[in-house]
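Just so you know, the protein sequences line up as chains A and B, in that order.
Just add 3 to the spot in the first sequence (first one is 1) and you have this note's numbering.
Just add 3 to the spot in the second sequence (first one is 1) and you have this note's numbering.
Just so you know, these hints were derived from the structure itself, not from any lab.
Keep in mind it's a predicted model, so treat the numbers as computed, not measured.
One thing to keep in mind: the hints can contain errors.
For chains that are exact copies, the list does not tell them apart, and a pair is met inside one copy or across any two.
Distance condition first, Cα-Cα at most 30 angstroms in a straight line; then the derived DSBU-like pairs of lysine-lysine [said to hold, decoys possible]:
| id | residue 1 | residue 2 |
| --- | --- | --- |
| 1 | K259 | K308 |
| 2 | K400 | K242 |
| 3 | K327 | K126 |
| 4 | K176 | K242 |
| 5 | K92 | K242 |
| 6 | K308 | K176 |
| 7 | K259 | K417 |
| 8 | K242 | K367 |
| 9 | K417 | K400 |
| 10 | K92 | K390 |
| 11 | K390 | K417 |
| 12 | K88 | K390 |
| 13 | K308 | K92 |
| 14 | K390 | K336 |
| 15 | K126 | K417 |
| 16 | K92 | K367 |
2 protein chains.
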Amino acid sequence: MTPPFRLGIAGLGTVGTGVLEIIQQDAALLSRKTCRDIYISAVSARARHKDRGVSLSNFDWEENPIDLASRPDIDVFIELIGGTKGVSKEAVETALISGKDVITANKAMLAIHGIELAELAEKNGCCIRYEAAVAGGIPVIKALQEGLIGNRISRVMGVMNGTCNYILTRMEKANMSYKEAFAEADALGFLEADPNLDIGGIDAGHKLAILSAIAFGCPPNFNTINLEGIDQVTIEDIKAAADMGFKIKLLGVSQKTTRGLEQRMQPCLVPALSSLGQLEGGTNMVVIEGDSVEQIILRGPGAGKGPTASAVVSDICDLARGWKIPTFGLPVKNLSPIENSLSDLPASYYLRMLLLDESGTLAKITGVLSDHSISIDRMRQYSHDDKTAPVLIVTHKTTRNAIDEAVTEMTENKLTSQPPVAFRIEDL
Amino acid sequence: MTPPFRLGIAGLGTVGTGVLEIIQQDAALLSRKTCRDIYISAVSARARHKDRGVSLSNFDWEENPIDLASRPDIDVFIELIGGTKGVSKEAVETALISGKDVITANKAMLAIHGIELAELAEKNGCCIRYEAAVAGGIPVIKALQEGLIGNRISRVMGVMNGTCNYILTRMEKANMSYKEAFAEADALGFLEADPNLDIGGIDAGHKLAILSAIAFGCPPNFNTINLEGIDQVTIEDIKAAADMGFKIKLLGVSQKTTRGLEQRMQPCLVPALSSLGQLEGGTNMVVIEGDSVEQIILRGPGAGKGPTASAVVSDICDLARGWKIPTFGLPVKNLSPIENSLSDLPASYYLRMLLLDESGTLAKITGVLSDHSISIDRMRQYSHDDKTAPVLIVTHKTTRNAIDEAVTEMTENKLTSQPPVAFRIEDL
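Construct all of the structure, not just a fragment, from the sequences and the given hints.
Okay, here's the thing in structure tokens:
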């Protein structure tokens with residue numbers, strides 16, 4: 004039998020504790036499956052004596068994760084600290100320089116410093132695995148990087164921030180305002196310390212950047228993602244979208260166009276009865292489309308102790324078996340940057356506006372749309388008591404530029420009481 | 004760079020041709036991803052000169068797949084012939100004895116002779132990979148065996164025969180009888196040469212036996228699966244189920260009980276709005292539940308050239324990287340047979356009956372149910388012109404035995420014009 008596979012775990016929050024629990028509970032089974040004993044040499048965390056419900060007495064303790072990363076008695080360094088720089092990044096670098104493989108759940112670090120770390124890993128003959136970094140318990144990195152390797156991927160998309168999906172679902176189901184649903188999510192502890200990471204689409208954007216790199220063989224490029232948060236979504240939009248047969252989701256889409264790569268993380272309308280439309284609460288979903296496989300949909304819990312620890316343990320067992328793979332599926336020298344191509348792909352749009360109730364306004368609105376070559380698929384005007392008439396329009400396929408110009412013109416010409424709301428409708 | 008990875012492909016039907024196409028089209032990319040050239044040494048098929056749309060001129064030709072399996076210039080033997088015995092099994096055995104890894108899409112052979120082949124593979128230090136054997140393009144073997152390795156699996160279930168799901172969907176959508184939908188599927192070439200493999204649940208049962216083995220660490224045991232086909236499903240049942248908020252699916256379920264392992268492949272009712280209920284046409288879906296990950300759902304095309312070839316190429320690349328794994332996730336000596344435990348798990352049932360329209364019959368029916376401790380959740384009686392009254396009942400949780408006994412008693416006492424129809428309602 005191969006010598007034991009020795010782990011050093013840095014960060015014993017929810018996920019780190021979950022990993023300890025699985026490794027301890029299922030040590031014998033995992034050893035039979037990987038034909039190797041899996042053994043925790045040492046751990047490191049901020050508070051040594053905090054009650055985590057698991058005993059640390061069997062492991063060495065390191066005050067400093069950087070010291071843990073270079074210990075000669077570990078084969079893999081598991082970084083569960085978080086943060087894009089500082090101690091977590093330094094510890095990962097130390098581990099790689101010391102010739103140790105790295106497992107991390109740190110999507111932000113990979114999305115921003117991924118190439119630098121992948122280069123360091125290759126230089127030292129090491130490997131970085133990060134199943135837990137995207138979509139929690141869903142084995143999506145494995146599916147995309149290994150399971151669908153025989154495909155030219157055309158589109159990857161998904162709902163990858165459970166907190167945002169929880170807020171949007173609560174608004175719809177409980178008829179809450181955005182502020183009320185946000186407050187509820189906050190009270191339940193669902194939000195990051197900086198809530199903008201969630202609601203601004205940043206956390207989900209990090210995940211999308213990683214999936215894009217694997218799917219399209221390019222370096223992760225978080226900065227070129229068109230990020231729009233969910234704080235612009237109102238209960239009026241959720242109701243109006245429902246009335247037209249749609250739901251609003253914070254949807255990340257990465258897609259090849261004739262001009263380059265389009266990466267978006269923004270509130271979108273999807274058909275209410277589609278797989279994405281039916282996704283409620285904190286659940287995540289990733290849709291992968293390739294030339295051979297057509298469409299694969301993966302769904303599961305996007306966060307939480309058990310699911311995230313499950314993903315980390317999958318990486319541990321792969322590395323225990325000696326299964327190495329380039330960080331983003333290809334050696335760094337083979338990753339080709341793809342030009343950022345935004346708003347190239349035509350789509351239908353949803354427009355909600357409050358028309359000033361004067362004779363001829365609707366004619367003027369439809370005129371503006373027509374001037375920008377936007378044709379109308381469906382339109383509804385609702386009965387109203389005050390001086391503005393709520394109007395919903397679903398357009399035929401057009402471009403984001405045309406929509407933006409039309410919205411500006413309607414606003415400048417004071418046809419609506421406030422700027423019209425426009426959301427993309429994603430084809431599924 | 005490692006020496007090239009050399010393939011021998013036996014069977015050039017739809018799937019084999021699809022594999023040739025991907026390997027030829029994406030040779031350079033796959034080589035960069037696996038850090039190794041992937042090279043087809045030789046092929047074998049029934050008709051050498053059949054037009055397959057791809058040229059075979061670059062590969063050696065073997066008339067006999069068994070000769071191909073032992074060629075010194077192949078590293079892996081890819082069996083895409085089909086059939087549980089005869090030449091396909093002999094060729095696989097020859098390859099393993101010759102020290103070559105094997106890739107196969109042959110679910111029947113693995114479900115029936117899996118242990119024998121796994122033992123032969125281990126004895127010769129070889130590996131059998133079979134991602135294409137279950138659920139076509141969905142990387143479910145990889146997800147279950149590798150991605151969810153850190154879980155104690157509690158239930159695996161799925162819709163894994165696209166033809167059956169196509170027939171059931173067409174009955175519902177086009178208001179067709181079973182016979183009409185079957186004839187349509189047949190005319191479209193969707194059925195196996197022996198249609199009972201599809202509609203009898205045998206093909207899907209083979210897949211379930213393989214998933215059970217990986218999920219529960221036992222030898223595959225196809226013979227203990229409770230198989231019921233879809234030919235007993237009538238358009239009346241589909242309509243009645245829809246009226247109660249359900250759809251009928253040929254659902255495979257494998258689940259640990261206190262007494263052992265329960266494996267069923269049978270028509271079941273699932274909530275119409277659930278992920279399984281929404282599954283239409285030939286698409287497959289597998290649901291995996293584990294202690295850490297909670298629930299993962301995978302969805303995608305269950306058959307066809309591209310999707311199945313995509314799965315085979317995934318196995319090719321894993322083996323090109325030297326990634327070996329025991330056939331059913333554990334060495335054969337660690338697989339423990341689990342006792343067959345049928346009808347142990349309580350469930351709700353759907354009952355449809357034609358009551359003989361005589362005074363007091365409904366009282367007698369509810370009396371029979373009550374005598375067997377079956378309580379009623381919902382009941383509907385429909386208006387009727389003739390001498391029988393259609394009645395639908397959804398029960399609270401009960402056992403299959405109780406249902407079977409009640410149905411027998413109703414039939415013997417001539418309370419219904421024909422034996423009541425009973426389908427299990429699966430909890431999701």
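Cross-check of the supplied hints:
no., hint, verdict
1, K259 <-> K308, "between (34 angstroms within a copy, 24 angstroms between copies)"
2, K400 <-> K242, "within (23 angstroms within a copy, 37 angstroms between copies)"
3, K327 <-> K126, "both (14 angstroms within a copy, 25 angstroms between copies)"
4, K176 <-> K242, "both (10 angstroms within a copy, 29 angstroms between copies)"
5, K92 <-> K242, "neither (44 angstroms within a copy, 59 angstroms between copies)"
6, K308 <-> K176, "within (26 angstroms within a copy, 42 angstroms between copies)"
7, K259 <-> K417, "neither (38 angstroms within a copy, 66 angstroms between copies)"
8, K242 <-> K367, "within (26 angstroms within a copy, 48 angstroms between copies)"
9, K417 <-> K400, "within (25 angstroms within a copy, 62 angstroms between copies)"
10, K92 <-> K390, "neither (57 angstroms within a copy, 78 angstroms between copies)"
11, K390 <-> K417, "within (13 angstroms within a copy, 69 angstroms between copies)"
12, K88 <-> K390, "neither (53 angstroms within a copy, 79 angstroms between copies)"
13, K308 <-> K92, "within (22 angstroms within a copy, 44 angstroms between copies)"
14, K390 <-> K336, "neither (62 angstroms within a copy, 79 angstroms between copies)"
15, K126 <-> K417, "neither (60 angstroms within a copy, 80 angstroms between copies)"
16, K92 <-> K367, "neither (56 angstroms within a copy, 73 angstroms between copies)"
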